[in-house]
Amino acid sequence: MSLCWLLPGNGVFAGSACRLPQSNKVKSTTMPYLLRTRWRQLLVALAMLLTTVSWALTMNSEFWSITYTFESPLTIVIWVLCLVATLCLLISKHGALPRHMMFNPIMGMAVNLIFGSLVMGTNIPFYFDTIGTMVIAILYGPVLGMATGVGATVVASSFAAYPLAFNPVAILVGFLFGVLGSRNFFRYVTGTIATGLVGGMLCGMVSVYPLIFSFGNSDGIGRPGLLLYFQLITGDERLAIICQALLSHSVDKAFTLLLACTLIRFAPIALRTYFVFSGNRSIVEHIFQESVDNNGYSGVAYRGNRAFDRHLGS
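With numbering that gives the first Met the number 0 as the guide, the letters of the sequence shown map in order to residues 0 to 313.
In short, the hints are calculated from the structure, not lab data. Source: prediction; values computed, not measured. There could be a bad hint or two in this list.
Cβ pair distances, simulated, as ranges [as the list claims (entries may be wrong)]: (1) G190 to E61: 38 to 48 Å; (2) L238 to S116: 28 to 38 Å; (3) M58 to I232: 25 to 35 Å.
A virtual CB, placed ideally from N, CA and C, is assigned to each residue, including glycine.
Let the hints inform the model, and build the full structure from the sequences given.
And the structure:
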């Protein structure tokens, strides 16, 4: 009778009647995975440390007077720190996605810059410069979402220095909506709008700090029309900045999140092959999937989308 099962731990007896310990096999297969996980975690932690340091540097009094990024050693250091943080976040996901999908965060950065540039010339009190970040965060999780946000900040600040102060907002958008997307928070339209409003309020709270401490006053920051309106009502400059940031970010993030989820949910099948794989298929299928019998927030839109997909496939 074997006594292997009586022994603690691995249950291995020194006699020949017992089989070789199975823990050796476990170590040989799990140790590389643990090492991969560890270096990914270290890269993400390093990126968070670099972004924290860069944000702290933007609160230096010298930052107020700097217009162009490469005219001062301070802003050059901040820009380099953000660039290295972006690279760390991107490298941490190497091998976790199909190779061609690793270029999608770069496309998300471009979308951020395009929408932000188009809206900047208007007088609407919103931003719409995080739609690419939200799409990538929902599809691939918070790490690549944060990489997209920080990377867009790096590109946008290659000329003017002021976007560097709002890097924490980009980090928060990528992290928050990436985590919520991975937990299927966007199944209902009303819930998605409510989530965008609450997330926007959090972003507004974070943006208040660079608005006040990095720039020191309201000149050239925020949305001038809405900011002036709150200044007339409150009579206090800082309170007006807070009110403008909370309102602008709340409405902005709600509409941006709704647009991002709509683009993902109803993208044609020819386009889905570029961003959907086995790892995020469940997330995509649960967006605006209120029930088993309802394949989207609008049956008419969904049937039209499916007909278009069939037409492309034929």
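**Message:** Check the structure against each numbered hint from earlier and tell me which ones fail, lowest number first.
**Reply:** Nothing - there is no hint that the structure violates, so all of them hold.
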